Amino acid sequence: MGVEVYDTQCGCKVFKRELAQVIFKEQFISKWLFDVELFFRIKRLYNADQMSKIAREIPLKAWVDKDDSKVKMTYFLKMWLDLYRINKLYNVRIKKSV
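Counting from 1, one number per residue, gives the positions in the sequence shown under the working numbering.
Since the hints were made in silico from the structure, they are not lab data.
Here the structure is a predicted model, which means the values were calculated and not measured.
There could be a bad hint or two in this list.
[Claimed, not checked] Here are the in silico distance ranges between beta carbons for each label pair:
1) Gln21 / Asp65: 29 to 37 Å
2) Lys16 / Asp67: 30 to 38 Å
3) Phe24 / Glu57: 13 to 21 Å
4) Gln50 / Met73: 38 to 46 Å
5) Lys16 / Tyr75: 28 to 36 Å
6) Met73 / Asn47: 36 to 44 Å
7) Asn87 / Tyr46: 31 to 39 Å
8) Leu77 / Phe15: 12 to 20 Å
9) Gln50 / Asn91: 34 to 42 Å
10) Lys61 / Leu83: 26 to 34 Å
11) Leu19 / Thr74: 28 to 36 Å
Virtual Cβ for every residue (Gly too), placed ideally from N, Cα, C.
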């Protein structure tokens with residue numbers, strides 16, 4: 001994706017109102033990988049240099065792991081398909097806009 005992010009799935013995401021209105025306007029492809037799709041949507045609007053100025057990753061100081069995960073094993077296979085679909089959709093859009 002070309003964005004330096006250690007963990008897209010963890011933590012809180014905070015956006016300015018103007019950006020949030022744009023990146024949350026369309027429905028997401030995946031309910032579990034929407035974080036990844038958010039980064040693709042932002043990347044569509046900003047180049048890598050601009051993104052490094054507007055986005056920050058702040059690591060969590062503590063993490064509590066929950067043993068009773070609600071994610072079904074079959075969804076792990078679906079996530080790979082969703083990731084492929086997200087990558088294909090946004091890489092095509094990014095290339096066309098360049």
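For a quick check of understanding: which of the numbered hints are violated here, in increasing order?
Going through the list in order, the structure violates hints 7, 8, 9 and respects the others.
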